[in-house]
Each structure stands twice: as structure tokens, then as C-alpha cells.
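Novice: If you want the building blocks of each chain, they are given just below.
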Amino acid sequence: MKREHSIQIKVLSASGYFEHGVNLRTMPDSGWLRMVGSMLDGSSLVEIRGLRFGYSGRMIFNEVDIDIQRGKVTAIMGPSGTGKTTLLRLIGGQEYPSSGTIRVDGANVPELSRNNLYQLRKRMGMLFQSGALLTDLNVFDNVAFPLREHTDLPEMMIRDLVLIKLQAVGLRGARDLMPSALSGGMARRVALARAIALDPMMMMYDEPFSGQDPISMGVLVKLIRELNDALGMTTIIVSHDVNETASIADYLYLLSEGKVVEHGTPERLRQSGSEWTRQFLEGLPDGPVPFHYPAPDFAEELLQVSASQ
Amino acid sequence: MITQLQHLGAWALKRFERLGRSHLFLFHVSAGLGELLTRPGLVIQQIFAIGVLSLPIILVAGLFVGMVLALQLYNTMVNFGAEQSLGPVVALSLVRELGPVVTALLFAGRAGSALAAEIGLMKATEQLSSMEMMAVDPMRRIIAPRLVGGALSLPLLAAMFSAIGVSGGFMVATGLLGVDSNAYWSQMQANVDLFDDIANGVIKSIVFGVVVTWIAVFEGYDAAPTSEGVARATTRTVVNGSLAVLGLDFILTALMFGDNG
Amino acid sequence: MRQSRAVEIWVGVFVALGFSALLMLAMKVSSITSYIDNKGYQISAAFENIGGLTVRAPVRIAGVRIGRVSDIRFDSDTFQAIVSMRIDAQYNHLPLDSSASILTDGLLGENYIGLEPGGDEESLKEGDRIEITQSALVLEKLIGQFLFSRSQGGASK
Chain C
1 MKREHSIQIK VLSASGYFEH GVNLRTMPDS GWLRMVGSML DGSSLVEIRG LRFGYSGRMI
61 FNEVDIDIQR GKVTAIMGPS GTGKTTLLRL IGGQEYPSSG TIRVDGANVP ELSRNNLYQL
121 RKRMGMLFQS GALLTDLNVF DNVAFPLREH TDLPEMMIRD LVLIKLQAVG LRGARDLMPS
181 ALSGGMARRV ALARAIALDP MMMMYDEPFS GQDPISMGVL VKLIRELNDA LGMTTIIVSH
241 DVNETASIAD YLYLLSEGKV VEHGTPERLR QSGSEWTRQF LEGLPDGPVP FHYPAPDFAE
301 ELLQVSASQ
Chain F
1 MITQLQHLGA WALKRFERLG RSHLFLFHVS AGLGELLTRP GLVIQQIFAI GVLSLPIILV
61 AGLFVGMVLA LQLYNTMVNF GAEQSLGPVV ALSLVRELGP VVTALLFAGR AGSALAAEIG
121 LMKATEQLSS MEMMAVDPMR RIIAPRLVGG ALSLPLLAAM FSAIGVSGGF MVATGLLGVD
181 SNAYWSQMQA NVDLFDDIAN GVIKSIVFGV VVTWIAVFEG YDAAPTSEGV ARATTRTVVN
241 GSLAVLGLDF ILTALMFGDN G
Chain X
1 MRQSRAVEIW VGVFVALGFS ALLMLAMKVS SITSYIDNKG YQISAAFENI GGLTVRAPVR
61 IAGVRIGRVS DIRFDSDTFQ AIVSMRIDAQ YNHLPLDSSA SILTDGLLGE NYIGLEPGGD
121 EESLKEGDRI EITQSALVLE KLIGQFLFSR SQGGASK
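Protein chains in written order, with my numbering: chain C, 1 to 309; chain F, 1 to 261; chain X, 1 to 157.
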């Protein structure tokens, strides 16, 4: 089953456009070309140096350096509230850092002009936590949306492309449903089909596994890995679901309190000596991150109240 | 005392911030207006959602306002033997004031709140954000067509309101009150001026259309991305939109008709 | 973007309704005709007092509206008001010695200019001035005159 699925994607992405005779100029460079490129070249696609970012006095990132290797699945993990989603928004140019550089394919995102930023975004796909499907369009039109916005392809061709993408996520049969009729997992898969509609060089996933039942979780885990390999993309996953993420990631970054705590392959991190890393990866309730929110001594506080009465 | 002053200062700062933001917002949207010429379909969609769907309430309201106006004014005017002037008085009230103003108020309630809620929800569910990541500018794709659609719809709705109001007044005046039907129209034509009255009414409704839609899309776009934020944005659209209409109406009336005495 | 046909039809109906409403306001509610055939001719008259006459007030002859007041000026040499009127082109046989007076439509109605035709063979043309005019009746003056003549009448008895 697994095998069959991944072969299907490869065939479609490698030869699909040529069979249809699409003008290469109108389509972003297709997946397999990049796959070849990424094999030849193991350099970083995203290079973050000295990133600082904060809202209203609170520092979210303080001197963060991150490298995302081409063709690899890199996961960025950390407790809730460490600004993982913000990191994706910074890479996508939706937020601006206080200082530092964020280079994506050589270009420093915060300094890009509006036009260049939009050009770059066409080559990035992002899967939002909620899926963020356009609620007034059905599944088909949602997936077709980026194609209709950015290309002048005839409707016939758009139809074929959309069906290819929907087939890849296994939802070709759901094309006429409205987003409100989809389950959370299906909505996320439709959003995934939409995100890869323009064949991006890079996919970013924001908490792709949160709130999913085990089956849709399994489907998503498989899809993310296979899309990455079949389309030769570079993948960034932001998550705090340790097991699922570690199972597909090639490289992990652990973030906490605005800093990179540790990074390395999943195997290496599991053997890490760091208390914090162990607490996080194994989900221990107490450790360097205390169970209690900072408070005065419990016994003392109880006595205080009875004394004041 | 000091804290009260601080609150006042913070409140004022917040007002100014919102005022500034709303104007910058309008500026950003205007940058995307040119692109709409190549995609009229987007505007047509919005004229449907904003204009056509507001049609029933506007037509019913216009009819009844015209009928009530004729009935009320007749009772007063008949005391002066001036019932022949019913036509022009009804027409002038509708064309100059009630048409643009009542239509704009209903529009803020019907279309404005819907717009604010729609955009607020798109924001709360990350649809706007995801659009940005798909390299589609929501200012151009979502906001600009709605602004244009609203600004085009309101003048047409106001004209329909006035026209059906004048007809409603005619039905009551001739059918119920026994005013001569020729007198109703001919007096009206003698006293209503195409430019001073009708064109000025249309100008008013164009201004209201832009302002109410602007407020609605801004409030939606600026809403906190939570269900509470969306609810607040809807309320604020209706309140601020209505107040803006009434305030602007006074200013515009003073400018247009002030020297007519 | 696929456009549903129903939406397009509805918007078409909406726009058509809107413009026909505007057209109705222009044609039926106001008198667009007075702007369309602006080919009439301009005459003027000087009055001692115009009372409440305003621009756009009707000009009537035998109760029929034949034109509108187009302009009101004050002549600082004669201390008179110069009222210009645009008369519709079809009424081009008004005798040259017609007289103009400022009348009121009912007791509380608006002021208008009433023309009284004279007997001249020649007609009024563009730029002519009506020589015989009668000012507006100002109510206060009228009452004053009435009281004055009453008291005079009482004294002579």
C-alpha cells in the first residue's frame, strides 16, 4: 500500500506536466529537477543567523541560528509558546525580525521588496494548523485557487492539475465538498494539496499533527515524508508531537525560551546528556521545566491566609 | 486622579492609533484598485453579496418611509392649504436626506456587519494569512473588491430607495388622501432640481458608500482573531458606520445646501 | 474564477434597477427637460424689490410656466435688482412691451415672476429688458399702507 502510493506520486510529478505539454515558463520548476539539484548539493536552503524577535517587550527569539538542509525534513520542536509558529511566519516574511538575517535560497527575506517577497512565496508552501481553507469555495476550487491566481492555464489543465494533487492526498473523491463538510484531518489534507499546487521548493507545516485522530495522524505522517522525497522538496515541521515528528524528521532543532537548546539527528538527541532534552523528548512531568508555576512556598501561603483571618 | 489621566491618555492614543491605521489601510487598499480592472468578476461577486442581497430590505423600507412621509406631511400641510406641495416635500426629503441617510444606515446594519464578520472570520481562521503565504495579497484579492462593490452598490440602493419612496408617497397621496396626481408630479418637477437636489443626494450616497464599506472592511481586517474579536468588529462596524453617516450627512448638507437660503 | 450565471444575472438586474431609479428621479421627480432644451433665450428685468424670489423660481405667463429665473444681481448704480430669466425657446412671441411682476403662489407659497403680455408687434429677443415691472408685495409694507390709508380715511370723515 505504502509503496504503491509513493510510486504514484513520483510518476505524476515527474512526467505529468510534460504529458500535458505545459509551457515550463508558466509553471515553477518542477519537482524532479529540484530533486536532482538537491542531491548534487547538500547546502542549506534556509539559513537563519542571529535572529532576534519580540513583541511588546517580551523576547521570543534571542540570537537564534538555524540551518535547514535542502531535500531534508527538519523539525523544529519546543514547548508551547516558544514561538515556533512565529518562526514560520518570519521565514514566510509575514513578520519582521528585530535583527538578524533569514536567508531563503540566498535571499534575505526581511529585506525583500514586496514583489520579490511574493515571488519567493510562490515557491513556498505552508500548511496552517487549522488548514485555513477558503470557506466560500469547495475543495476543488480551493486547490485550484493558487493555480488560477498565478497562472493563465486553461481550465482543462487546471482541472487535471487539481485532480493530480487531490489524488496525491487521497481526496480526489471529495472534490465537490465544501470545507465545512470536511473532518479536521481531511481539511488538512486538502490544504496540503493546495499548498503543493504550485510545486513549491519548500513546505512548512505548522503543528500538522495536533488534534488528529491516530488514523489521520498516520496518514499525515506518511504524506509529509513521501511528498518531501517524491517531489524533492525541503520540509520544515513545527511541532511538539515528539514521536510522530521524530519518526519522519532527518534533523531536529529544540527551542526553548528564545534559544536553540540542542540540535541534531533524532538518534543523537535521544542519547543527549541534557536533562531538558530528555524531559522534553520523553514527556516527563517534572524536571528542569518545573511542574509548578513559580509561587511562594505552599505551606507558608496556607498559613498566611489563616493567620490573616 | 493620575491613573484616570493615564487612562484618558491611553484611550486617546488608542483612538489616534486606530485612526491612523484605518487611513494607512485605505491607502494600501487603493494601491490594489487598479488590478481590479482586469478582474471585474471579483467586483461583480461583491456587488451581488453586498448590493443584491440588501435589495429586499432597502425596497421595503423605502416604500414604507415614502408612504408614512406622505401621510404625516399631508396632515400638517392640509392645515395651510398646501397639500398640493406634498409631492415636492416628499421628494425633497427623500432625495436630499432620507434616501442617502436611511439607506446608508440600513446598509451598515445589513451589508456592513456581514462584511466585517466575513473578513474577521477569514482572519480568525487564518484564511487571510494562508492567502498571503500563497503569494496572494488579501488587500487586493479580498478587501479591494469589497470596497469597490460597496461603494458602487450604495448609490444604486439609495436611488432605488428614493424612487420607490416617491412612488409610495404617490400611492398614499392620490389613493388615500385624494391629492391630484398631476399636481403631485408637476409640483415635484417644478421644485426638485436635477443638480442641486438629485445629484447632491447621489454624491452623498457615494460618500456614504465608500465610508461605510471602508469602516466595515477595516473593522473586519483589524479584528482580534477570536470569535469575541469578530463579534466586537461587527458591533463596531454598525455603531461607527452609523455615527459616521450621521456626522458626514451634517457636514455634506451644510456644504451643499447651506447657501441656498 | 468561475462565475455563477445566476450571480451575473442578479447583478445585471440590480444595476439596471439602480439606473432606472436614477433615471426616474431625473425625469419624473426633477425636470431634466429644463436642462436639456437650454436653447431658450435670456431676458432680464429690473425690480425695486424682489422679496423672496430665488434663482430657479418659475417664470409664468397666464399661469403657465415658460421659463426660470437664471440669475439675480444687484445693480449698485440704480440700487435695483436685475433678474435674468431664461425663457424656453418655444415661447418666442412675447410682445416687447410685456410687463413683469413678482407674485406669490398662494398665501405662503414661493415667489415667481408673472409676465403680463402687452400689445407690441415686436417680440422679446435674447438680451432684451422688460421695462415695466412691479416689485414684490412685501407684507409689512402692505399692512403699513393699509393702516395709513385707514387712518387718513378716518381723519377726512
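Worth flagging that the hints you see were computed from the coordinates, not collected in a lab.
Hints are supplied without guarantee of correctness; some may be wrong.
[Stated by the list, open to error] If we take Cβ atoms under 8 Å as the criterion, some of the chain C residues that face chain F in the derived model are:
no.: 1; residue: Q94
no.: 2; residue: P97
no.: 3; residue: L134
no.: 4; residue: P146
no.: 5; residue: E149
no.: 6; residue: H150
[To be verified] Result set (SDA-like, lysine to any residue): computed pairs, CA atoms no more than 20 Å apart in a straight line:
no.: 7; chain 1: X; residue 1: K28; chain 2: F; residue 2: R140
no.: 8; chain 1: C; residue 1: K122; chain 2: F; residue 2: E35
no.: 9; chain 1: X; residue 1: K28; chain 2: F; residue 2: Q84
no.: 10; chain 1: C; residue 1: K122; chain 2: F; residue 2: M139
no.: 11; chain 1: X; residue 1: K28; chain 2: F; residue 2: F195
no.: 12; chain 1: X; residue 1: K28; chain 2: F; residue 2: D196
no.: 13; chain 1: C; residue 1: K259; chain 2: C; residue 2: M59
no.: 14; chain 1: X; residue 1: K28; chain 2: F; residue 2: A183
no.: 15; chain 1: C; residue 1: K122; chain 2: F; residue 2: G32
no.: 16; chain 1: X; residue 1: K28; chain 2: F; residue 2: W185
no.: 17; chain 1: X; residue 1: K28; chain 2: F; residue 2: M139
no.: 18; chain 1: X; residue 1: K39; chain 2: F; residue 2: F195
no.: 19; chain 1: X; residue 1: K28; chain 2: F; residue 2: E97
no.: 20; chain 1: X; residue 1: K28; chain 2: F; residue 2: S93
no.: 21; chain 1: C; residue 1: K122; chain 2: F; residue 2: R140
no.: 22; chain 1: X; residue 1: K28; chain 2: F; residue 2: A199
no.: 23; chain 1: X; residue 1: K28; chain 2: F; residue 2: V172
no.: 24; chain 1: X; residue 1: K28; chain 2: F; residue 2: S181
no.: 25; chain 1: C; residue 1: K122; chain 2: F; residue 2: P138
no.: 26; chain 1: X; residue 1: K28; chain 2: F; residue 2: N200
no.: 27; chain 1: F; residue 1: K14; chain 2: C; residue 2: Y55
[To be verified] If you want the footprint, here are the derived chain F segments under chain X, 3+ residues with CB under 8 Å:
no.: 28; stretch: 41-52
no.: 29; stretch: 147-160
no.: 30; stretch: 178-189
For every residue, glycine included, the Cβ atom is placed at its ideal position computed from N, Cα and C.
Novice: Compare the structure with each hint and give your call.
Specialist: Against the structure, the hints:
1. Hint on Q94 of chain C holds. Least Cβ distance to chain F is approximately 6 Å, under the 8 Å limit.
2. Here the hint on P97 of chain C is broken, as its CB sits about 17 Å from the closest CB of chain F, past 8 Å.
3. Contact between L134 of chain C and chain F, as hinted, is supported at the beta carbon level, the nearest pair being about 6 Å apart and thus within 8 Å.
4. With 8 Å as the threshold, the beta carbon of P146 of chain C comes within range of chain F, its nearest partner Cβ sitting at about 5 Å, so the hint holds.
5. For E149 of chain C, the shortest C-beta to C-beta distance to chain F is roughly 5 Å, which falls under 8 Å, so the interface hint holds.
6. With a cut of 8 Å, the hint placing H150 of chain C at the interface with chain F holds, because the nearest CB-to-CB distance is about 7 Å.
7. For the hint pairing K28 of chain X with R140 of chain F, the CA-to-CA distance comes to about 40 Å; that exceeds 20 Å, so the pair is violated.
8. At roughly 19 Å between alpha-carbon atoms, K122 of chain C and E35 of chain F fall within 20 Å of each other, so this suggested pair holds.
9. Of the pairs offered as hints, the one joining K28 of chain X and Q84 of chain F holds, with about 17 Å between alpha carbons and a cut-off of 20 Å not exceeded.
10. Annotation: proposed proximity of K122 of chain C to M139 of chain F holds, straight-line Cα distance about 17 Å (limit 20 Å).
11. A threshold of 20 Å between alpha carbons decides the hint, and for K28 of chain X with F195 of chain F the separation of about 14 Å falls inside it, so the pair holds.
12. Taken as a hint, the K28 of chain X and D196 of chain F pair is honoured in the structure, with Cα atoms around 16 Å apart against an allowance of 20 Å.
13. Among the hinted pairs, K259 of chain C with M59 of chain C is consistent with the structure: their alpha-carbon atoms are about 10 Å apart, no more than 20 Å.
14. For a cut-off of 20 Å, the pair hint linking K28 of chain X to A183 of chain F stands: about 12 Å separates their Cα positions.
15. Restraint check for K122 of chain C and G32 of chain F: satisfied, since their Cα atoms lie roughly 19 Å apart, inside the 20 Å limit.
16. Annotation: proposed proximity of K28 of chain X to W185 of chain F holds, straight-line Cα distance about 7 Å (limit 20 Å).
17. Distance restraint check for K28 of chain X and M139 of chain F: the Cα-Cα separation of roughly 41 Å exceeds the 20 Å cut-off, and the hinted pair is therefore not satisfied.
18. Of the supplied pair hints, the one linking K39 of chain X and F195 of chain F holds, its CA atoms being roughly 18 Å apart against a limit of 20 Å.
19. With a C-alpha separation of about 18 Å, the suggested pair K28 of chain X and E97 of chain F falls inside the 20 Å cut-off, and the hint holds.
20. Under the criterion of a C-alpha separation no larger than 20 Å, the hint pairing K28 of chain X with S93 of chain F is consistent with the structure, at around 16 Å.
21. Distance hint between K122 of chain C and R140 of chain F is fulfilled; the C-alpha atoms sit about 16 Å from each other, no more than 20 Å.
22. Taking the CA atoms of K28 of chain X and A199 of chain F, the gap is about 14 Å. The hint holds against a cut of 20 Å.
23. Distance check on the hinted pair: K28 of chain X and V172 of chain F sit about 17 Å apart at the alpha-carbon level, within 20 Å; holds.
24. Between the alpha carbons of K28 of chain X and S181 of chain F the distance comes to roughly 13 Å, so the proposed pair stays at or under 20 Å and holds.
25. Proximity of K122 of chain C to P138 of chain F is assessed by CA-CA distance (about 15 Å); at most 20 Å being required, the pair is judged to hold.
26. Between K28 of chain X and N200 of chain F the alpha-carbon distance is near 17 Å, which keeps this suggested pair within the 20 Å criterion.
27. For the suggested pair K14 of chain F and Y55 of chain C, the alpha carbons sit about 18 Å apart, so the restraint of at most 20 Å is met.
28. Look at the stretch 41-52 of chain F against chain X: 8 of its residues bring a Cβ nearer than 8 Å to a Cβ of that chain, three or more, so the hint holds.
29. Here the stretch 147-160 of chain F counts 6 residues with a CB under 8 Å from a CB of chain X, which clears the bar of 3, and the coverage holds.
30. Proximity of the stretch 178-189 of chain F to chain X, defined as three or more residues with a beta carbon under 8 Å from a beta carbon of that chain, is established by the 3 residues found.
Going through the hint list in order, the structure does not satisfy hints 2, 7, 17.
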